[in-house]
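Undergrad: Chain residues, written in single-letter form:
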Amino acid sequence: MEAKRTLRNLTAIVVGMFAFGWLLVPMYDVFCEITGLNGKVTGPSFLSEESKAITEQRELLVQFMTHNNESMPWFFDSERSQMRVITGNQYEANFVFYNPTNKEMIGQVIPSVSPGRGAEYFHKTECFCFERQTLAAGERIELPVRFIIDPALPKEIGSLSLGYTLFDITDRVQPKNDLANL
Amino acid sequence: MSTVVETHDHGHHGPAKGLSRWLFTTNHKDIGTLYLWFSFIMLFIGGSMAMVIRAELFQPGLQIVQPEFFNQMTTNHGLIMVFGVIMPAFVGLANWMLPMQIGAPDMALPRLNNLSFWLLPMAFGILISTLFMPEGGPNFGWTFYAPLSTTYAPSTVNFFIFSVHIMGVSSILGSINIITTIFNMRAPGMTLMKMPLFVWSWLITAYLLIAVMPVLAGVVTMMLMDINFGTSFFNAAGGGDPVLFQHVFWFFGHPEVYIMILPAFGIVSHIIETFSRKPIFGYSSMVYAMASIAILSFVVWAHHMFTVGMPLAGELFFMYSTMLIAIPTGVKVFNWVATMFRGSISFETPMLFSIAFVALFTIGGFSGIMLAIVPADFQYHDTYFVVAHFHYVLVPGALFGIIAGAYYWLPKWTGNMYDETLGKLHFWLTFISVNVTFFPMHFVGLAGMPRRYPDYALQFADFNALISVGAFVFGLTQLLFLFIVIKAIKSGKKAKPEVWEGAGDLGLEWTLSSPPPYHSFTVQPQLK
Ligand code: HEM
Ligand SMILES: [Cu+2]
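In the order they appear, the protein sequences are chains G and R. Going from the first sequence to this note's numbering is simple: count from 1 and add 1. Going from the second sequence to this note's numbering is simple: count from 1 and add 524.
Simulated from the structure, these hints should not be mistaken for lab results. Just so you know, nobody snuck in bad clues.
Here are the computed distance ranges between Cβ atoms for each label pair:
| hint | chain 1 | residue 1 | chain 2 | residue 2 | range |
| --- | --- | --- | --- | --- | --- |
| 1 | R | Tyr676 | G | Tyr99 | 24 to 30 Å |
| 2 | R | Ala850 | G | Thr12 | 31 to 37 Å |
| 3 | G | Met28 | R | Ala981 | 39 to 45 Å |
| 4 | G | Asn95 | R | Val589 | 49 to 55 Å |
| 5 | G | Pro74 | R | Gln903 | 35 to 41 Å |
| 6 | G | Thr102 | R | Gln590 | 30 to 36 Å |
| 7 | G | Ser72 | R | Glu592 | 17 to 23 Å |
The C-beta atom is built at its ideal place from N, Cα and C for all residues, glycine as well.
Put together the whole structure using the sequences plus the hints.
TA: Put into structure tokens, the structure is as follows:
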């Protein structure tokens, strides 16, 4: 009957839209990646051949910001709040981590570059944010980030800031669990 | 469908007696009545919450409630008004009027209809019960942004999620029923472009509902998993993103605001043509305007999120697409005014509410355009200016549409005319108090008063006292409406089938007796 067909089509729309709602999650990530939105640093950790070929260099300001997520109790800060850098050269900046609690904890740092359009020109050759950090009770460590600003950085970007947020993931990772290494 | 055939068998006996009539009814009029009374009761519950909010904000400082409870009041006021008042009222009107307007005996799926209604008291019973639990009810705003509604939520959030799921199922089933009815049960000769505008408005609304309610169900399910099963959809610590929540929520949320206004467009179109004694100006442009508003509503959602740090291209896209919606909306306002132009207008209560609808809804549309301007929105966002905007489109917009429709069709439903003098009194008190309440909110918003706080800076005190007075008058006035409705059910001048002079030519519902027979059209009328 007519009504049966209408019903079938409508049910299909409902099911399809429910699926679409979930699809928005990966779509959002892919969209951010393609457009470089959200300041997620996805560029390679090295300079491309074309960029190496650019001889023109310029000076710009790089600023560092650190945040602790929620109630993460660690002390986390950069040694210097900003530095003047020349594009194409490698630099190093040190960050201090200190676990003041009396238990071992695991932290993970998530980077974000702003303006977001500058993210792909920020090449980190080495970064503590590539892996999680385990600190014993009372332990204090210094870790470097080494980076190169791409000479191809658009002219209108006069400074870049690198923001780091430190998350407490102790409860999420059981250190002896193989899953932790995935 | 077998169910359809069954209603035909039932054709000749009236309603069952007592409580079981309402519990087991599959009759479109009974279910419409249930929806309308449910919505009316929720209006007073949600309204009392608004009274608590305004009592607290009458003076700066904390006098009456604690901030935690204040947050529960704003959250539940919003949720109840959106999902418990406006939406059920429109579904109730659809149940009553659609079969009568298209010349059908009943809805296409009467048993599903019973289920869609009875899910609602269940959903709101659960939601409201959380307010009495030790941890208190939802307190994260009706938009329930993560992580406020996940990481930082009271544990009762699980009940909230469950109730949203039930509301969603109810809306989806209701919409499926409405679309099936419209497509399959129209009187012979009623082509799509001959359908009454209220039917058109509901056809489009029902499509919006089945498209976005599943997305809402998805987003609350993600919350549920983040809270209870350790996933990280919205938790940055686990690689998720709280901004993603806002995108998914508003992908549902913006079409939702049009779900709350389109049926009102349909209702006032009928009322304006009736009391202007002229057929609606630009019928087909009305249909196309509604359809384009509905389609555009899927690509403007991020105008609620201009301040999250979108790239310039995104801000521009959502700014222009939002402004584009003003064009079909403007077409509708133009057509209403053009219908009244040179009409022989009389000002019965439904017409008064409809004229006020056109004027005041337009004010809400204008503040919407101001909010759509990205650089301006950076200042307006999350201030009382936004509160003023959406209350202008929802109270003198959606709610006035519902009240106007109730007055317009009340004589048809009950067979009695309502008390016109009291109706006019109700209108004027409502019209004045709604403006005293919501207009000053524009000013305090522009001056920087943020929304959703139980306290405010001293310089806003005078306007807030005025707003609270307006709100109390508005609240009390609605008790008068309740009285008028009950009075019209119990007594009043007998209504003719046509009810309003000349209405007989405007729609099939006016060819039935007042009140209409239990099963509307047992013999389908033939349209020329
Ligand atoms: C010309 C048409 C409209 C335009 C251009 C428009 C634009 C906007 C914009 C830009 C915002 C976001 C403001 C902010 O948070 O900073 C907003 C909020 C809102 N609008 Fe509209 N709007 C329009 C019509 C409507 C209609 C018809 C409704 C409902 C019937 C509506 C309901 C709402 C609601 C409920 C909010 C606030 C949601 C919240 O944050 O709680 N709007 N509008
Ligand atoms: Cu919107």
